[in-house]
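Input sequences plus hints: build the corresponding full structure.
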Amino acid sequence: MTMADDEFVQFAEAVAPRLRRTAFLLCGDWHAAEDLAQTTLARVFASWRRIRNRDAVSTYAMRTLLNTYLAESRKKRPGELLTDRLPESPVDPPSPELRMAVLAALDLLPPKARAVVVLRYWADLSIDQTAELLGCSPGNVKSQSARALDKLRVLLDDVATEPSPAAARTHVAHNEKKARHG
Amino acid sequence: MDELSLRALLERATSPEPPLGQIVSNSLRAGRKLRRRRRATSAALSAAAVVVAGTVPALTSGPGHKVIKPAPAVVPAPPAGAATAYVATSANAVVPISLATNTAGTPIRVPGVTDDPFVPQAAASPSGRTVYEIGTAGGSPTTVTPVDTATNKAGPAITIGNAEPQGFAVAPNGRTAYLSAPEGLFRISTATNTASRAPDCRFGCGAMAFTPNGNALYVISGGARGARTVILIRTASNTVRTSIKIPANSPGIPFNIGITPNGKTAYVVDGKFEAKPGENSVVPIDLATNTPLRPIKIWASGVAAGLVIAPDGRTAYVLSSRAVTPIDTATNQAKPTIELPGSAGYAYFMALTPDGKTLYVLTPRGVIPIRTASGTVLPTIKVPKLCSSTPIAITPGGRTIYVGACITRTRMHHGHKLSKFVGGVVPISTATNTAGGFINVGGAPVAITFAG
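Just so you know, the sequences run in chain order A and B. If you read the first sequence in the numbering used here, its first letter stands for residue 1, the second for the next number, and so on. If you read the second sequence in the numbering used here, its first letter stands for residue 1, the second for the next number, and so on.
There is no bait here: all hints are sound.
The calculated lysine-lysine pairs, modelled on DSS-like cross-linking and capped at a C-alpha distance of 30 Å, are: (1) B:Lys297 to B:Lys335; (2) A:Lys142 to B:Lys276; (3) B:Lys335 to B:Lys357; (4) A:Lys112 to B:Lys420; (5) B:Lys297 to B:Lys264; (6) B:Lys385 to A:Lys142; (7) B:Lys357 to B:Lys382; (8) A:Lys112 to B:Lys385; (9) B:Lys245 to B:Lys264; (10) B:Lys417 to B:Lys382; (11) B:Lys276 to B:Lys335; (12) A:Lys142 to A:Lys112; (13) A:Lys142 to B:Lys382; (14) A:Lys151 to A:Lys112; (15) B:Lys335 to B:Lys245; (16) A:Lys112 to B:Lys417.
Here chain A is said to cover these stretches of chain B; the calculated rule only asks that three of the stretch's residues, wherever they fall, bring their Cβ under 8 Å from a Cβ of chain A: (17) 8-16; (18) 19-28; (19) 339-348.
What the hints contain is simulated information worked out from the structure, not anything from laboratory work. It should be emphasised that the depicted structure is a prediction, and the values quoted were computed from it without experimental measurement. All C-beta atoms in this analysis are idealised placements derived from N, C-alpha and C, irrespective of residue type, glycine included.
Right under this line is the structure:
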């Protein structure tokens, strides 16, 4: 391996877990998240010699991830179909599980709003940093995040008290209807 | 639901997390493929550009894709009597700008300027008689083109070959210049304008610095898992004298090297991606014995890569993403970190006035002056239409700073909106810390140097 390859491997090993987790919150599926993270890192590697001696290379990776995600979400609107029917199993697992509820709620956000939520409230980026990554104005980030938060509030309101993923899913689907029909 | 509980919900949504697959090795494989494909396309494009350039000027004059800004390289002091700023532009030109009148002269055509400001693009000889433009445009071999500053004419391009430049330095006596790249080290004789291979760095060559007397060149070799050494090359004989191992207790990537004006100490910036406070360090090297001293910890987070050494040699300034750390070169201790304003965004470049009193840090929001004596951060100087990736350069007298500016002008044409990209530079007066008027240079500015 050359020097550039070595540096890339060190960088990739440092950021891969975080990239994949961010990708997961963006797409809601671990397999797709792994693909997204991998495509991102491959693109970063292809430009590595150009960017490696630079500051903020992890921001470059994050921007590449967002671009890849937004480009793919433009092609198709992936994600699971939500249903208000009860799942087959009538027995709820003993411990409350919010994962599905949160992901289902995120799924209802437009891709860019979802990216704003993940960057602002999960990756802890500032409004300016988020705007820089998404290539939009800070004002746009503010309005997107306010709208997304409003929607998430309706969808996830008191979901924390829901006893099971099944119920949580149903709850989100129910709240979604509420949100749609005012 | 408040922001904190949303964060907690998002956190819980990512667990449990399945084990990480072969992401890194797979991406390395896929990235290699992608790079080969890009190279093939860029070669085809540059062949096509020969045909269409002239009819479609927009193809060669755009600012290009948004890219991450470079870390500042150690730039040797420009010739004291320089009267002209030379701006390399993506429109394959070097544009002279008179420092007295701030007016742009006729562009000098040169080959291979990319819109990529991450590679070294231009450097002046210490005498100021020559400006070297480094051409790296996709598909063709790297070239170095000397521009005679007396006549503002470009000489024949010197072909270097397959190399992606990481550094370019002209010896203090002006007789030789070196170009470093992962592919190796290349030496240019400025008398004959010919290039030859210099000793190899084994793991590729990175940043480099000449000693003030020009007898020795220190070149960084090796990446994270490579040798992590600094190679000392005797410039007279063009041979490797020794290689200095960077201590293993300083586990980053040696990004940058600078040498104090008295030639006694070299400072190697050992940066680490995603660094937490204390994970970056600077390794001083005693040049009398060529031994590394105890690494100095940098307490700012984010990768440290930028380095500027004050002209009086008393302080070295290290730039991390959002902070500057001054290092006292007498004690080799880090002084308190100077944090940039939170809204500034990532800082990429800095320039120090020749009197060492003010450090100017370039950020996406403008240029931030810092009083070095007190560490006081002054209000940001707003620059209209600052390019997303731009060089910053300070004149030898220290009166003016030039930064790149990128403007898009739109006009209506038969009901269609036509946009035209205009690149230029904006002068900033260091006396008043205010930006002056836009100087059009015809293409995206990628490097600024002073000569003539």
